[in-house]
Structures are given as C-alpha cells and as structure tokens.
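Asks: The residues making up each chain are set out below.
There are 2 protein chains.
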Amino acid sequence: MKAEIIAVGTELLMGETQDTNSSWIGSRLPALGLELEWVTIVGDDLDRVAEIIERAWRRSDVVLTIGGLGPTMDDLTRDGIAKTLGEDITTDPALEAWLEESFARRNITPMPAQNIRQAGIIPSAASMPNTMGTAPAWWIERDGKMLATMPGPPREMMNMWNTQVMPRLKERIPGQIIMSRMFKTIGLSEAAVDELVGDVYDLDGMELGVYAKPDGIYVRAIAKADTEAEALTTLMGAEEKIRGTLADYIWGTDEDDPSARIGELLNLHKAHVAVMESCTGGMVGSAITDIDGSSDYFIGGAITYSVPMKVQAGVDARTIAKFGVYSLQTAEAMAQAAQQTFNAEYAIGVTGVAGSADVAGENGLPDIKAGTVFIAVATPEGVSAQEYHFPSRRPLVRNRATTAALLQLAQALK
Amino acid sequence: MKAEIIAVGTELLMGETQDTNSSWIGSRLPALGLELEWVTIVGDDLDRVAEIIERAWRRSDVVLTIGGLGPTMDDLTRDGIAKTLGEDITTDPALEAWLEESFARRNITPMPAQNIRQAGIIPSAASMPNTMGTAPAWWIERDGKMLATMPGPPREMMNMWNTQVMPRLKERIPGQIIMSRMFKTIGLSEAAVDELVGDVYDLDGMELGVYAKPDGIYVRAIAKADTEAEALTTLMGAEEKIRGTLADYIWGTDEDDPSARIGELLNLHKAHVAVMESCTGGMVGSAITDIDGSSDYFIGGAITYSVPMKVQAGVDARTIAKFGVYSLQTAEAMAQAAQQTFNAEYAIGVTGVAGSADVAGENGLPDIKAGTVFIAVATPEGVSAQEYHFPSRRPLVRNRATTAALLQLAQALK
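Protein sequences, first through last, are from chains X and D. Taking this note's numbering, the leading residue of the first sequence gets 632, the next gets one more, and so forth. Taking this note's numbering, the leading residue of the second sequence gets 632, the next gets one more, and so forth.
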C-alpha cells in the first residue's frame, strides 16, 4: 500500500527547524507493509495545505500529516483536511472538557480562548488523545483510505505514532508481511561491506541497504513474504549469510547502543570504568555519561591531549619515547594508568591521529597515517589494544573511535 | 518569487539518510528574495520524478533539484526534466571528455560505460561543473522560469550551490533586497526571549523568528526593502532593539561558533586551557577538540564524575563538604585545581545536575534543582563562577552547559 507524509510548518521551509519527523516515520513504514512514495513539506498557508492534502488523498492509501495542530490561526492542518473532505468542523464537547481539564491541571484558568480550535473535529474523524501536549489528533477512514494527523514536536509525534497511529495501521493493513533487521558494523569501509554482503542481494524476497553512519556502516535487511513464517525464514537466511561474512565487524543490531550496553554490563558486574583519552578529547567520557544513572559505574578520567599530560596522568615517558605516542603500547599504558590512578576495575585508553594530515615518525618510529587510532582496554585480567584505520576526516575519526572504544570495553565485559 | 525544492532518492524515503540538504538551502533562500513554498522528497521512479518536476515547473519560478545525478539507471533527475520539458538528451562531447579525464586522473581507465549518462544534456540546459564529484549539473532558463540541478552528497551540493547556483540566482533575481541576521543567546527560555523581543515584531519590513537550539535560543531578524540602504536601516534598527533587551544573553551572531572563537582567542594570547568537568562528562573537552589544531592550546583535563575523583584531582574536600558538590565554590575550586595541576593559564570547572531529578541537600545544604549547573573560569587574574538554570532534560542541560562554559571562557579572554 502507498503511504505519503505531509509535514506542515513554515519554520521547516525556513531551514531553522530540520524536519526529522518524516525520516523517523519513514524508517518505520516498511515493516508495516507500507511503501512511502512522497514526503512534502508545506508552509502554514491554507490553500497550499489543502492542495497537498487533496492530492495525497487522491493518490495514496495512507496519508500521515505532521504538525499544524496547534491552537493559533496559523495551525491549518485541520482546516485543510475539512476542506478536502468537504466536511464541517464542529467543537467536540468531550474534547473541550479534556482540554479545559488539562489547562486547569497546569493552573491555567480559564483556558486561553484560542485553544478551543483544538477541540474541533469533523464527522468522519475519531479523536486520538495526546498525553504529552494539548493537540489531540484525528484518525480518519473513508472511501477505502486512511488519514492520521500527528502533532509536530518530535516527542509528542513519536508518542502519538507508537500508542495510536501505528497500532491502528497494523490492525488494518492486510497482506504482505515485512520483517527487517539492521546490522551495525565497525572497522570496514562502506564499499567493503557492500562487497562482502553481495550474495545477499540475490536472495529471493530480500532487499538490502548499506549506509554509512557516524558510528560505522549499517546494513539493513528487509524480507517480504506472504506469511510471517516465510518472511522469517528469508530474514534468517540473510542473517546467517551476513553474520558469516561480516562476523566480528558486527557490533549490534536494531536499537543497540554502545553506551547503554556498557552501562548494563558494568551494572551487572558491579564494576566501574575510567578513561584516559587523547584524540577523542572527552568524547568517550561524554558518550558514557549520555546515560542517566551513569554515575553508578563511571568514575571519570583524564583528557590527556599533550605528552606531558599523559606522563602526569601516569603513563611512563619511556613507553612513549620507545614506541611513540601513537602506538598500541602507549594506548595500553594509558588504560593501565587510568585503571590504577582512578581505582577502577576497567579502563579505556585512546590515542591516535584525528586530524587530516599524516604524522611523520621521529627517532626511527614509523609514520602514522591520518585516521589511525589505537584503543586499549584494561580489565582485572590484563590489558589489550587494537589498531583501527578510519576515514581520515576529523569528525568521522573521533565518532568511530568513540564507538570502537565502547565496543571494545563491551567485548571485554562479556 | 516562488521557489521549490525537489530531493530525489529512495534512501531519503526509507529514513536511512536524512535529507539535510533541503533545510540547508531553505535557510539561504530568503536572503535572495526567494520564498520557498514546497519541499518534496520523491523516490527513484521516473513517473513520480517527472510528475513532481512537471508540477513544480508549472507553479514555481525557481525549481531546485537535489540528487539523482549519478551514473546508474536509478538516477533519474535528468530524464524527468527532459520528459517535462519535452526535450531530448544527447551526449555532450565536452562533458564526455571532462568525465574521461577525471577518471583518468584517478587511474580508472577506461571510464565505466554507465558514466556516459552523466555527459548527457538537453538543448535548453547549460552545464555547471562539479569540482568535487563526477556529476555535472544543469542550469536551465526557459519560459521565464529557472531550474538548477545539484548533486546529492552534501559537500558536492554545497559547493555547487556556493559556486554555481547561488551566483546565477543572485544575478537574475530583481527587486526586493533581503538582509538577515541571526542572534544567538544563552541563559533565557524561548518564551522569555520571545517576550523580550516583542517590540521588534512590529517594526515595518521586519520578520522575526525565535528558535530553540541545543546550544541556546536563536533569534533570526529578516529585513525586506526595495533598496539595500533601506533594508540595512531596518536591520540595524532591529539589531539595536534586540541588543538593547537581550544584552549579555547574546553570545554571537550568524556563523559564530564558541569552539572556534576560544581557539582564536587562545592563539592570540598564546595561552592554554585545561578543564575539570563533572556533569558534562567530557563534552567541554570534546567541543574544544572539535577544532583542527586545538592541540596548540588545549592541554587536557580531568573528568571528575565522583567526589573522590574531584578530591584526587586537587579539589579541597572541605570545600565540597562545606558548600556542596553542586555550588559556585566547588566549581571555582575545580577550575583552580585544573589550572594548577595541569599548568594552564586558563581553566574551566563545571559541576551540576544533568539528570531529570532534583537533588536533596544534605547536612543543611540547599536542594539543587535538576538543570542547575555551576561553571567557573580560572584566569591568571583570578577565578569567578556563574550559576545557570537549564531546561531539565539531560541532553539539553549538557549541551547548553558546554556552550555556556566555552562562552564564559571567551568572555574572560576578551
């Protein structure tokens, strides 16, 4: 079935606010058996809003609107739909009561007069409650088509999708079963991943996509079939092949997140981690502390952006002199120094070249290519380090090194 | 004049790749006197690509396409335009020679056969060179309309816009002069900023927008007039009012970036900075080291996520006991400890509550609300700290605190 998204709001056209909602919804439609054919961004203008709703209603089976549900005269999605469907908006007493109550709860009485617009509804629409804001949404089924409105603020939109829109669509869309899985890899180039999974492209009923992300290369496998069993078989066949060739380069699937993962593992082991980071400049610590509650297992660490800082933080100056500041040995010494100095069971050491220029080796040491990063993890059992070669663009090197460091720790904790 | 953007690519509809190009272009159109009315994302399907190009050509004055210029049979923008305009694509010998040369330079001979598609052109199009990829673009003027194609990869697109498309549009669009300026603030809520700049909304020929960003609240002022002098007068009048009311809350304008700014200032002073951060967990160090060459002025620092770590890093335990770990005094002690321990002329100390729950005060200390952050900057002349109250959502608190810390340092360096 054909789906279409309409995002409403002049701020989206001014480039001030990026429309991230459409892409979020877009990634969730294939699993429902919906093919997204169009995304349109339109400003707060009644004629244009009505024009695109009218066109979408004609050419698509499922129309999803995002935004334009606020209380002001600039919020025109409701009016555009009413105009297209030739129905009149009337105030729904139940919605009005709910709105008044929700303002009263926030000690705003009386409710601002303009908010009454949000209690408006047309005969063929059912109301969907918004538990995170004042904008109730509409669910419409007519003429064999479906239309759902959703509020614009991303948190409200996601909540409306998860609790109201997605369940309704799931119930009503027959036919083809679509199952998908995302494989997240690190350490290979996009071209290398693409080549390694080449076989999978040819599997019947399988669609494959390879995508470069800040934290590595992702492979999305989508299986389509008439029955759930068939789709599952196809997907499992693909997974076997993908895991066979990408093997240890795969670090997770679907919603897996390295920061959350190491948090769970450290809590499980009742253990703590410290860091000593150079080229990542604080990003590893920052990623670990993205997680609420990370103070239970993160002690802290040192950002050692210079050689004297590394020595001061406990790295033996002779190690740096002998093997170079960019080396497996220095990374190991950094992890061990962090482990001891900061009194943690586990520690991460990161050193490498994030800049775009190669670094010439001095005193007989080898040259180090831009994008080369050495990462060590110290555990109660010992220390080990790995060498990585990332695409030599500063943000990529730093992001990928951060992910690799967290994954190496997760590996050690398993 | 009315503008319209068409972004072509199935990957944009699958939600795997976010279309950031449209928003980037969108923010640059008002200054050219162009009003963006529509953004459409369409997949790699000839009928649909042709359908939207045809509609755009009819309803808009300037049509900008992004993507679909690659060499494969899936790259259909050229074909869609040819179909709409009823013209035939032929191979341009000059383009063909250029393409072959650019492959030869990369030691790929002969050129892959399919790349010949990229040398195709229609009679009413002029070719625009792509200095960053193999996809030349088209510039079309016909029937009083303009159409430009641009490649999809953001770096190539930006380069094509800056060097080819934007200059052509500037030359050809008459009439209204539009000038704009972005004011970046921190420390006030969106509602507070909106209220403070209320007067400016009423200025003749002025449009105002207030936007919440991760690093603070932005105000965009856009002046429209018939002459440059008039637009400038309006904009300067608005700026005076804005600076009058927002005063010290404004930390920069337009492309200003705190990390780059402190880099320039530290280089100017030939000075160095170190950090000691708690709730930001490494983000301040990470932001400073976003800049290539930051090793010239960034020494490093400590991530002190626990009280023992703070004490180990040189903070007097009695200061923490007396004033609390979340206090101006502890922030100051952190900055001073970093300054001394790491031997830097300047240092930043950050402590606060990033989580979403308030922290109860112990031993007679006051409760600390979620979102409260204390930031200190130590200089050769002394140390001073400020208290901030950010919206109590973890990513916002951490991002805004990081920006505030950099800005406080910039202020001290001035």
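Hints listed in this document are in silico derivations from the structure and should not be mistaken for laboratory results. Values in this document were obtained by computation on a predicted structure and should not be read as measured data. Any given hint could turn out to be false.
The list treats identical chains as one, so a pair stands whether inside a single copy or across any two.
Claimed, not checked - Okay, derived cross-link-like pairs now, BS3-like style, lysine-lysine, Cα gap no bigger than 30 Å in a straight line:
id, residue 1, residue 2
1, K633, K855
2, K714, K801
3, K776, K855
4, K901, K1000
5, K714, K1045
6, K633, K714
7, K844, K872
8, K633, K801
9, K1000, K714
10, K1045, K901
11, K714, K901
12, K776, K844
Asks: Hint by hint, say whether it matches the structure.
Replies: Quick rundown of the hints versus the structure:
| no. | hint | verdict |
| --- | --- | --- |
| 1 | K633 <-> K855 | within (16 Å within a copy, 42 Å between copies) |
| 2 | K714 <-> K801 | within (28 Å within a copy, 38 Å between copies) |
| 3 | K776 <-> K855 | within (23 Å within a copy, 43 Å between copies) |
| 4 | K901 <-> K1000 | between (39 Å within a copy, 28 Å between copies) |
| 5 | K714 <-> K1045 | neither (59 Å within a copy, 58 Å between copies) |
| 6 | K633 <-> K714 | both (22 Å within a copy, 24 Å between copies) |
| 7 | K844 <-> K872 | within (22 Å within a copy, 43 Å between copies) |
| 8 | K633 <-> K801 | within (14 Å within a copy, 39 Å between copies) |
| 9 | K1000 <-> K714 | neither (62 Å within a copy, 48 Å between copies) |
| 10 | K1045 <-> K901 | within (13 Å within a copy, 47 Å between copies) |
| 11 | K714 <-> K901 | neither (61 Å within a copy, 65 Å between copies) |
| 12 | K776 <-> K844 | neither (36 Å within a copy, 37 Å between copies) |
Consistency note: the structure conflicts with the earlier hints numbered 5, 9, 11 and 12.
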